[in-house]
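*Asks:* Since each chain sits alone in its own frame, please combine them into the complex, following the hints.
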Amino acid sequence: MSGYRTPLGRVRGLGSAKHGVGGFIAQRVSAAALVLLTLWGVYAALSLAKANYATAVLWLHAPLNAILMALLIGVGVFHMRIGMAEVILDYIERPTTKALLLTLNVFAAWLAGVIGVFSVLKVALSSGIY
Amino acid sequence: MSEAPAGRPTPKASDRPMSPYVTVWRWHLTMATSILHRVTGVALYGAALILAGWALALAAGPGAYDSFRLILGSPLGKLVLIAITLSLFFHLANGVRHLVWDFGSGFLPKTADMTAAAVIVFAVAATMAVWVAAGMMGALS
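One line per chain: the protein sequences are Y and W, in this order.
With the first letter of the first sequence counted as 1, position 36 gets the number 36 in this note's numbering; the numbers rise by one all the way through.
With the first letter of the second sequence counted as 1, position 89 gets the number 89 in this note's numbering; the numbers rise by one all the way through.
It should be emphasised that the hints constitute simulated quantities derived from the structure, not laboratory data.
Quantities reported herein were computed from a predicted structural model and do not represent experimental measurements.
Since no wrong hints were added, every one of them can be taken at face value.
Partner residues are not named here, just some residues of chain W that face chain Y (Cβ under 8 Å, in silico):
id, residue
1, 42
2, 45
3, 52
4, 58
5, 59
6, 62
7, 95
8, 102
9, 130
10, 133
11, 137
No residue lacks a Cβ here, since even glycine has one placed at the ideal position from N, Cα and C.
Okay, chain W solo, but in the shape it has when bound (with noise of 0.2 Å):
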């Protein structure tokens, strides 16, 4: 380690430059689908485990199966697939979105806040659609 140039004192390590975190930015929307990006990704690797337990309790046979059912469908169990349908519809559009940007375009300010809401509007619009068809095909009585 060399020593620091005379009359400057040796830089603290809380003094060095933090990269930019939510407390020093304002909150704006692009952040928020960022950030719910991760936190849907994280929500869906619960709901892969999920699926896993659906075939496995549908390989295990009737009565596990049956169980399953009876969990997924308790008022609980429906606010999960609620949570999860929405994180999916979020996710899938806004990893289109990222998709794009990996080919370069959508980076503009404006572009990528259009894109932000219109991600955000897909994932509730799709969610309500599904649980719509749910309850007009009588699957949640």
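Looking at chain Y on its own, in the form it has when it is part of the complex (with noise of 0.2 Å):
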């Protein structure tokens, strides 16, 4: 008899997929990379705040400097798109904002960190524009 059930059908009832904690490993896992990373950042923002464009430019010169904020932005972007879709999945009740919403969260963070990166990369790489 079960050999005419559905795998639908099979697995109905049987709890979670499985994949449950993806999402929440994720957003540790970046969580505590972002602890290390933000505190640097707030150190870069302190050496930059008096940078003007040229001094910027030679700062983000330095492989270190271009590496580590690539990850922050890569990083911050990847933890803040989980968050974001948790804040969306709690307060949002209809189905269409909710999909659109979720949608509007992963273009977001897709768009500031490939902006971001690309940017990083385009001045670390490029010589003697000053």
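*Replies:* Structure (structure tokens):
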């Protein structure tokens, strides 16, 4: 008799697909990385507070600064996408609004991440601007 | 849908038990830090976009970078940056608190209250330290 049941019918009621912890773990792992990256980010912001364009470009030419800045932006948008999705899922009830906001969240995170990392690389890898 | 038991009216949706919310709980410190973790997280979403904007302005050239510095250096820009600093240090410290919780410790009400207070004190102190340092470097003028 069980041979007639569809795969979906068989798994209904058996619990989750065991993928639910993926976001949870990714959020924690990125959080651990961001503890160090954001502290460096504050230090970087202080060092750059007085810098004009030429000084800032020179600063980003240092490989360590470029690598850490790319990591800060990349891991930062990764972490913020998970957190914002959590907020949207918690507070937005209407399915269409929820889907729209979740999609916008993914777009915004990827756009900011790609623009940020590309810009860092463009400055870091270019030479003789000033 | 099955019928409600005899003698008992079908419960309306509004009668269903709800999870506790701010209107039914006495205000307390651990609740405040929980809500602030969300609020500061959303604020840092904006901060990440500003950071990406910084990189974009630098890549775009001297004109764009000067405009970017002018906006962030304005009184309103500084206010936003102070709010970002405060949000960052709060979210950072409270995030560490969450990571400790994930390992199963720090849940006793007394401990949770104490760490909540410590997180708030740290966030305010670290923010003040950073902005005093910026002032001493002459970066605020």
